[in-house]
Structure formats: structure tokens, C-alpha cells
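The sequence shown begins at 1 in full-length UniProt numbering and counts up one residue at a time.
Bear in mind the hints are in silico, worked out from the structure with no lab data behind them.
Hints may contain errors.
Claimed, not checked - Mimicking BS3-like on lysine-lysine, the simulated pairs with C-alpha atoms at most 27 Å apart in a straight line are:
#1 K219 / K65
#2 K56 / K35
#3 K285 / K332
#4 K69 / K180
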Amino acid sequence: MKDKIKIAVSLCLLIVMGSFMLMGCSNSSDKVDGKLEFDSKMELKYAQNFSVDNYKGGYKMITLKDGSKYLTVPEGKRVPADLDADVTVLQLPLTNVCLASTGAASLITGIDALNDVTLTTQKRDSWYIDEVGAAMDSGQITYIGDYDTPDYEALTAKQPQLLIYSGMLDTHPEVAAKFKELGLNCLVDRSSDEQHPLGRVEWVKLFGILFNKEAEAQKLFDEQEKVVDSINATSTGKTVLAFYRTTNGACYIRNGGDYFAKMIELAGGVYYPANFNTDKGGTTKMDAETFYQTAADADYIIYIDFSSTEQLTQLSELVAKDPLFADLKAVKNGNVWSTQQSFWQVNATLGNMISDINTAITATDNSHDNLTYLYKLK
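Construct the complete structure from the given sequences, taking the supplied hints into account.
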């Protein structure tokens with residue numbers, strides 16, 4: 001009998017203690033519902049153009065380098081009062097997003113969040129990402145007009161929770177102003193400003209927050225970092241130059257401070273020419289003769305394919321653009337490579353592209369014939 005009483009008392013105590021614990025958890029959750037209490041900062045290894053402050057209760061403040069701020073509010077939680085007027089509130093989940101940044105597309109696809117994208121400013125034939133093409137074919141994603149001339153009436157009717165644009169929006173302030181007038185939230189993807197290739201990949205963490213795919217985002221980033229770490233990046237001493245040519249004959253060489261130059265370095269190459277604008281990203285424009293003088297002695301050349309219609313496959317096609325190219329060392333030795341036309345839509349797998357560059361400049365067998373992001377001009 002005494003044993004039964006002890007058991008009954010113990011059960012009562014457990015029930016009471018459990019109730020208090022549940023009340024404590026509930027009270028703790030209630031305390032941060034609608035309030036911002038700082039918890040920690042997100043660790044970023046390479047990205048320089050955004051930061052994330054984590055708050056208790058799952059709130060997160062995304063701040064872009066240009067000062068733009070976005071507060072993500074977890075599903076079921078209240079929007080905190082007294083927010084600064086310049087903070088854009090994003091109530092999760094986001095299930096109706098307009099995508100106008102091709103650079104962001106692979107990152108969003110890579111974390112299996114494409115189902116939440118419903119609109120795009122890119123036509124079907126401009127996509128090289130199979131999943132995006134399939135989503136447009138099925139009607140899940142609808143073309144809403146070009147990025148600089150979107151169909152505002154349709155956007156107003158569709159009411160996307162967020163528009164994700166590239167930095168090209170900066171050249172069309174009237175479009176950004178119209179979004180503001182219509183009350184449409186817009187986030188500018190600044191991943192293209194990152195000067196380290198893994199910094200561009202690391203933007204997946206930002207999209208992981210927006211689409212509630214943080215674990216998937218961390219996994220994708222870790223995998224790409226692991227690919228880069230596994231490459232034998234001991235300098236081969238081989239010089240590599242990257243450029244593209246416009247239809248009017250101007251040549252654009254990637255600057256030494258550009259992310260593409262960093263990819264070559266991580267792949268074991270030496271960017272050429274040495275010390276070429278190492279404090280700058282982007283490109284430097286040259287006429288054909290100046291380009292020839294600059295590129296004459298590079299061991300390897302990577303031609304960056306911008307064309308959506310004309311894809312080079314032969315060295316003779318490159319030389320046909322300008323006879324001076326025939327005298328370049330890399331052309332004479334058959335060491336000219338081209339990026340695939342999908343190059344501008346592969347942010348999520350830049351680690352794999354670095355691996356391809358490494359193979360291109362080091363392989364002594366036929367392994368370089370089966371690369372994903374590069375191919376050799378024959």
C-alpha cells in the first residue's frame with residue numbers, strides 16, 4: 001500500500017514539474033513573440049556584402065552592405081513594434097517570390113526552394129538551369145516581363161511577397177521607385193560583388209533564411225568549400241588569362257582583384273598578366289592591339305562566353321574574330337578554353353568550376369575532355 005502511495009505521489013510531482021516546464025517554455029516563447037532580443041551573429045567565412053543578426057524566437061535581421069535591412073518573421077510570430085522605418089519586414093513562409101537574378105537561381109535551386117518561386121523576369125530560352133526551365137514549362141513559374149520593363153499591372157495582381165533582383169537594378173532606379181510605390185518588397189542580390197568565389201556561394205545562407213532552408217544552405221556551402229579544399233592548389237607556375245570579346249571588337253580582361261582571377265589562383269594557376277589591377281574586380285576594356293600585347297605570353301587563355309546564340313568550338317573561330325589572336329602563345333599551343341554558356345548561372349557550384357580549371361591546366365590525359373563548365377577549343 002505504501003509503495004502505491006509513493007508511486008502516486010511521484011507521478012503527481014512529475015506532472016506538476018512538467019506543467020511548470022511547459023509554462024516556462026511557453027512564457028519564454030511569449031516573451032520574444034513580437035520583440036527583438038539579440039542572440040548571435042551568423043558566421044560568414046567569405047561573403048563581405050551581407051550580414052545576419054539572429055534574434056531569440058527565430059527572428060533574423062539581414063543587412064546588405066548598401067545598408068538595406070530585412071527582418072524575417074517566423075510563421076505564427078508577431079511583427080515587432082517600433083522597427084526602424086527603413087526595415088523591410090518579410091513574414092515567413094515566402095511562397096510567392098519573383099526571381100529576377102539569374103545568379104541567385106542556382107543557389108535557390110540548390111537548396112530545393114524553387115517551388116516557392118512563381119514569377120521571373122527571364123524568358124524561358126535564357127535559362128540554362130533545367131529545373132527552372134521545367135518549372136516554366138509546367139506553368140509553376142510565369143514570365144512577368146523583362147527586369148527593366150516588368151508588367152506592373154500583373155505584379156500588382158500577383159502580389160509577390162518578395163522580388164529578388166540583381167545589381168542591374170541600380171541602373172534602373174525608376175523600376176525600384178515603382179516597386180516602392182506599389183508596396184512591393186525588393187531585395188537586391190549582391191553576390192556578384194563578392195571578390196572571392198566562395199563568397200558568392202556563401203550567399204546561399206541568405207537564401208536559406210528566406211526560404212527556411214538553412215540546413216540545406218549550410219550543406220551546399222560546406223560541400224563546395226570541401227571541393228576547393230580538396231584541390232591541389234600548389235602553384236603550377238602556369239599563367240592563365242581570362243577575357244571576353246564583344247561584337248564590336250573590344251576585349252575585356254578580368255582584373256587581378258576579380259573573383260575569376262581568384263578561381264584561377266585556387267586552381268593552381270598564376271593569373272596573367274601579373275599584378276594586373278589587383279585592387280579591382282570586374283574587367284578592363286582594351287582594343288585588339290592592346291589586348292594582343294597584354295595577352296601574348298599567357299600559357300593558357302579562358303574565353304568567357306557571353307553569347308546566347310554563337311558558341312565558339314574551334315580555335316579558327318576565335319582567330320576569325322581578329323587575326324592577331326593567331327600569334328598568341330596559348331593559341332599556338334592549343335591551350336585555349338571556353339566557359340559553357342551556362343557559366344553565369346552556376347553560383348552554387350563555383351567550387352566545381354575551380355576544380356575544372358585545375359584539371360584544364362594540369363591534366364596530362366584525356367580527363368579534361370569531360371569537364372562540366374569548360375571545354376577546349378580544338
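Which numbered hints are broken by the structure, listed smallest first? none
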